[in-house]
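Everything in the sequence shown is counted per numbering that gives the first Met the number 0, starting at 0 for the first residue and increasing by one.
Please note that a few of the clues may not be correct.
Label pairs and their computed distance ranges (CB to CB) [claimed, not checked]:
no., residue 1, residue 2, range
1, Gly-39, Asn-86, 23 to 33 Å
2, Ser-22, Val-101, 15 to 25 Å
3, Pro-43, Lys-93, 24 to 34 Å
4, Glu-24, Ser-97, 21 to 31 Å
5, Lys-23, Gln-46, 16 to 26 Å
6, Ala-99, Glu-75, 15 to 25 Å
Below are the PhoX-like pairs computed for lysine-lysine, each with C-alpha atoms no more than 20 Å apart in a straight line [as the list claims (entries may be wrong)]:
no., residue 1, residue 2
7, Lys-89, Lys-72
8, Lys-48, Lys-27
9, Lys-71, Lys-20
The hints are simulated quantities; they were obtained by calculation from the structure and are not laboratory data.
Virtual Cβ for every residue (Gly too), placed ideally from N, Cα, C.
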Amino acid sequence: MKKIIVVLCIATLALTGCTSKPSKESVKESFRNNLIETLGANAPESQKKSIRTYADCIVDETFEKLSAKTLKKFAEAKNAEEFKNVNGTKDEKKALDSAAEVCSSKLIDSSSEQ
Numbered sequence: 000m001k002k003i004i005v006v007l008c009i010a011t012l013a014l015t016g017c018t019s020k021p022s023k024e025s026v027k028e029s030f031r032n033n034l035i036e037t038l039g040a041n042a043p044e045s046q047k048k049s050i051r052t053y054a055d056c057i058v059d060e061t062f063e064k065l066s067a068k069t070l071k072k073f074a075e076a077k078n079a080e081e082f083k084n085v086n087g088t089k090d091e092k093k094a095l096d097s098a099a100e101v102c103s104s105k106l107i108d109s110s111s112e113q
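Full structure from sequences and hints, please.
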């Protein structure tokens with residue numbers, strides 16, 4: 000009986016370790032870096048700043064709505080191509096689309112105030 004309990008505990012720890020979300024900051028960093036890479040090396044600093052703000056907004060809006068699996072894929076993307084090819088569920092795509100609308104409008108509002 001003790002062996003069964005130990006095996007169940009180990010299995011539970013292994014499964015929860017595999018499904019934990021990456022930190023919000025690591026996902027934000029990946030979003031920022033990959034979106035800035037898409038802009039290109041010669042992009043003005045003002046555009047890079049806007050992209051950083053946009054990326055942070057997207058992550059803030061979606062972090063709780065995306066699965067650990069999808070967030071890990073975003074966080075571990077090594078380049079813009081890998082980042083672009085991350086696929087989530089239908090609900091996750093809806094959440095990302097909704098966040099893109101919210102964050103785009105915030106970006107437009109903040110740039111028109113300047």
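Check each numbered hint from earlier against the structure, then list the numbers of those it violates in ascending order. Of the numbered hints, all hold.
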